[in-house]
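These protein sequences, in sequence, are chains V, X, B and Z. Using my numbering, you'd call the opening residue of the first sequence number 1 and step up by one each time. Using my numbering, you'd call the opening residue of the second sequence number 1001 and step up by one each time. Using my numbering, you'd call the opening residue of the third sequence number 2001 and step up by one each time. Using my numbering, you'd call the opening residue of the fourth sequence number 3001 and step up by one each time.
Calculated from the structure, these hints are not laboratory results. We put the beta carbon where it would ideally sit given N, CA and C, even for glycine.
Partner residues aside, some chain Z positions facing chain V, computed with beta carbon under 7 Å:
{"#": "1", "residue": "PHE3038"}
{"#": "2", "residue": "ASP3281"}
{"#": "3", "residue": "ARG3283"}
{"#": "4", "residue": "GLY3285"}
{"#": "5", "residue": "TYR3310"}
Far from chain Z by the CB rule (all over 10 Å, computed), these chain V residues:
{"#": "6", "residue": "LEU6"}
{"#": "7", "residue": "HIS35"}
{"#": "8", "residue": "PRO156"}
{"#": "9", "residue": "ALA179"}
{"#": "10", "residue": "GLU188"}
{"#": "11", "residue": "LYS189"}
{"#": "12", "residue": "ALA261"}
{"#": "13", "residue": "PRO269"}
{"#": "14", "residue": "HIS305"}
{"#": "15", "residue": "ALA343"}
The calculated label-pair distances, taken between Cβ atoms and stated as ranges, are:
{"#": "16", "chain 1": "Z", "residue 1": "GLU3174", "chain 2": "V", "residue 2": "ASN120", "range": "51 to 57 Å"}
{"#": "17", "chain 1": "Z", "residue 1": "GLY3332", "chain 2": "B", "residue 2": "GLU2188", "range": "57 to 63 Å"}
{"#": "18", "chain 1": "B", "residue 1": "GLU2155", "chain 2": "Z", "residue 2": "LYS3008", "range": "48 to 54 Å"}
There are 4 protein chains.
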Amino acid sequence: MDKTSLTKAELLVTPIEHLELKAFDPRPLVDAMAHMAFQARNLNRAARIYGMMLAEPGCGVILTLAGSLVSAGLKHVILDLVRNNMVDAIVSTGANIVDQDFFEALGFRHYLGSPALDDNQLRDLAIDRIYDTLIDEDQLRVCDQTIGRIADGLEPRPYSSREFIEAMGRYLQERDLGADSIVRAAFEKGVPIFCPAFSDCSAGFGLVMHQVARPGRCMTLDSARDFLELTRVKLACPDTGLLMVGGGVPKNFAQDTVVAAELLGHAAPMHKYAIQLTVADERDGALSGSTLKEASSWGKVATTHEQMDYGEATITLPLLAGYAYHQGHWTGRKELRMAEVCARA
Amino acid sequence: MDKTSLTKAELLVTPIEHLELKAFDPRPLVDAMAHMAFQARNLNRAARIYGMMLAEPGCGVILTLAGSLVSAGLKHVILDLVRNNMVDAIVSTGANIVDQDFFEALGFRHYLGSPALDDNQLRDLAIDRIYDTLIDEDQLRVCDQTIGRIADGLEPRPYSSREFIEAMGRYLQERDLGADSIVRAAFEKGVPIFCPAFSDCSAGFGLVMHQVARPGRCMTLDSARDFLELTRVKLACPDTGLLMVGGGVPKNFAQDTVVAAELLGHAAPMHKYAIQLTVADERDGALSGSTLKEASSWGKVATTHEQMDYGEATITLPLLAGYAYHQGHWTGRKELRMAEVCARA
Amino acid sequence: MDKTSLTKAELLVTPIEHLELKAFDPRPLVDAMAHMAFQARNLNRAARIYGMMLAEPGCGVILTLAGSLVSAGLKHVILDLVRNNMVDAIVSTGANIVDQDFFEALGFRHYLGSPALDDNQLRDLAIDRIYDTLIDEDQLRVCDQTIGRIADGLEPRPYSSREFIEAMGRYLQERDLGADSIVRAAFEKGVPIFCPAFSDCSAGFGLVMHQVARPGRCMTLDSARDFLELTRVKLACPDTGLLMVGGGVPKNFAQDTVVAAELLGHAAPMHKYAIQLTVADERDGALSGSTLKEASSWGKVATTHEQMDYGEATITLPLLAGYAYHQGHWTGRKELRMAEVCARA
Amino acid sequence: MDKTSLTKAELLVTPIEHLELKAFDPRPLVDAMAHMAFQARNLNRAARIYGMMLAEPGCGVILTLAGSLVSAGLKHVILDLVRNNMVDAIVSTGANIVDQDFFEALGFRHYLGSPALDDNQLRDLAIDRIYDTLIDEDQLRVCDQTIGRIADGLEPRPYSSREFIEAMGRYLQERDLGADSIVRAAFEKGVPIFCPAFSDCSAGFGLVMHQVARPGRCMTLDSARDFLELTRVKLACPDTGLLMVGGGVPKNFAQDTVVAAELLGHAAPMHKYAIQLTVADERDGALSGSTLKEASSWGKVATTHEQMDYGEATITLPLLAGYAYHQGHWTGRKELRMAEVCARA
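Construct the complete structure from the given sequences, taking the supplied hints into account.
This is the structure:
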């Protein structure tokens, strides 16, 4: 590829297409992994623990998302989980939800690129790069502005990120946008989505514009309310399981609800099930790679059914989610509509 | 060590002690690294870029912190940067600021432990583990409650995390607590501290208690305001440099201010200098390990003076910060008191 | 599991079972990965490049193996590649070939274990651990001794590791052992196997016993001859492709043949195709994680068709090898019987 | 840097310069790390264990080297260990010893480069790249040929790599080359150097040329003899300690000597001390990142005094070796001249 002569149109050619769980059945492979070693066996165990969460009546499943998962082609995998009652609440970084899912719901796409492209040239062309994926920055600005307009339409008071993301879902529904959007599907299924660091993405740009334009009568984002609402979700379920993709704030946030419940005077059990797909290492002491056993010392996660799998999520999540999908324990599950619990918080 | 027979008092014996920059001079070693390869040479270059930030008149230095740095013995290194005008604003995960620094300011300590300890036993003893470090969970609960009480004393309105952390600094100053606290020193030096995911730590516990106790008349945390304030910091400096320890939300947040400034109609330059100490890998596409060149495609970081160094921060940050400290470019720097810029935002 | 009370028989219960390529068809998943990002897309590209190697008439395929692959349940995957003419030469660490494949051919098994087991207790029970896998050390000693006896039966002269491993294959064939053994199948298919650091495993133990018992009239292992023979393999093929699992000595050795050919006065082309499955990082400067582009500066690998995939091999190799198997380009391939080229070297 | 216009002379400008242990004293820093967490504390413990090895009368120290350490500027650090009786035997990858140390002894240098250089262009210029370091390929060919000539001068029989590397040391001494060469210093100090995969480097090229030119009357490399000799070293010391930099074949080889000794009927104790500096992760099950506790299940390493440190060696080895150097336990140590033990094997 002669980089120097490519135009923006020539670079943004081939869009990312999202994998669907019905398109492949990994059960024969993942079942065989039970008899192997290392991360194959770990993946098998994680997949079976996810199946246990889905099979157990009343167990609420909290999905946490960190990393650029939606732009990487995993949007429909997550959508399949939402649509088939395989997840009851989501905690995510803002980028997955706003810059990537909501962005695509507005009609935009992500494009195949390469880590070898010249970033200075990309900047000149207003193309943003995520490793091997490209985004039209002008389209991202439309996304920011749409967020700003949604904020403009809201009553000026503090909101949880969950409330704001519901407003985004309603925006899509009213305009019939985002047929395959996680934000819209979650809105319609009553699955609350939390972005505890919500300003840390395109949403932040939209909200800053909103606040600057309306000093003194603007909406605000109350991140403490996020925490309170997610704690209510924890308390509403007799048991809970965590399906964590990556680490970061979403992992920490979801685990912390056990402690928060306790502080509010409720004897909530630890998360009964916990699995994490991650490439992070425990040896730097940071939370992202910290073991789920370590989380047990904090009283957050029970150790009986926990499993980490070390691997990059574009490969491991399809295997794990596809296994649970084709295993079919979700067929007997009901919508828990945890968003309604949050709204009452 | 016979784990089964140890009591809490026997486990929480030897406290973490914090390294001070004046105690060692790494210049001979770091200078020699310029002529070597791999991460030694990268560390040398990162250290020299930090020196350039400090030597350039008017250049604002933004420090971002992710990972369990304060509990790991790096508190005094960060404190030395604050006290000697080597940093003008801080963006951090909540744990470093609240659970670790403020916690120690209240008189508590972190203790040497081991990753091999039995986590179920630790839970029974109310001891929390961070890799090889132990915390008395009962003391953490005191920290949560103190946060709750500080919130109780504030006028019920939306606050940026920076405002709340200033209130924490004032709390310490008034009671003469935390002689070596980052929170207190930053308060006194006018260095704003932002925790964009502020509920994601002990602060979240305190604020949830506050909100539940005072429905309808509680304070809230406006994370959009955090973003607006940090953007004002960016705009107040002719040039800026980023010193990033770890990735996560703080890295993203600090980088994004360039775009935010632009959206507010100000032609802010990219961050002129950017260094990151990290163990994250770029191959999973997540932000924490994404290259600073990639950030350049987003228009956030200029590529002339950027350097990542791959290594764990308890080893690399002392070498980098110690180099800059003993190099002494900070002697001519003034307090920029960016907290005052934030307060006017 | 109460570790302290388990006996050897209670620990060595559930054997590793080896995945077979015919048991699952990953094509729908791996095809979809072409439209995704990060390591999924890389895996798709690596799988397609492997297909190109197999489809190209005359292209010799060299498989390199590092890491504990055979003990981890990948023996039959490698066996399927050998049996279906999907690989023409193998370069491996000794452990895969001797301690694991030949060991199982003698009738022994690997067992499911856990990284949390107490290693001092395992040592007392004469159980060896590879991460989450267990081996009966007494059986390993039988393997060592068998190697020693094979050496005892050979004419005392220098041997390449390829020659010795053929003698191991013959040993199995004559006794009708190892129906699913890579060593035996490769012997029968004329696929040479090289272990350039052959003493670095159970073979070393056997050979040391042989040499000590027969001073002055023992066989020796000539590692320079290994290199010469593999270079002959390179020269015998108009083009070559590398399928590298892990890095280490096998990666280096296979790449180096291009240079060796040149030094012998033959204008051998670079390896036309090269793929590597690895978890190693390039930032430490070591060969295992060094990019295939870097190998191109050395004149070893052409850059048109090269792809690394970052992931652990128990997950990525089944997807890659399964894709190529079900794609079926191997059906038109002939046995190249490169062992005969080596024997003439 | 405009890559396209640079000539070879313009690229090979600034040579790597080797750090010397006397040039810096890391004791104040490394001592303080004892009270910190994570890899700083691990590094402190590893450094103290190295000190214990040196302080214990009769304890033999085996240094293992993997990764491109010599080219990276660590040659003089290793040289300082050899010269000051801080190491009694070395097991290394071939590249460090031949392509890098012996290469520099012939008067050549390594040069500062960048991982961003165009590898196809480098190949056209006959420049080889190791991450951020450059080598003149024409000079490497001189190195290969010198190896070939040394082989030509030897009596045609099987040699251990240790014997051949001694011949290289003698070659340098006779010509008064390599004043700062590890190969020469080790030769003069009686420190045996083993490269168990000796063909896997420039030596392989030289030896292949030698063998092709002299069919039937060439020297050969007996890697089984390497193993036997190193086992004799183990047996000659009442106790042993391992200082391992990286993993790979050298780590495995050095650990295995305990088992080999046992098989030869000698009750050799496990390695009493063991430390490893590595960036490898244990989760892929490969030996390089396997824990030293795992090695204990194999009966190779005692668990009382073992410590791994996770970090890249250009940063961690100077701190560790510098600590031990300035601590000074080596002042009372004698040359063990283990090469003489090997020669008698």
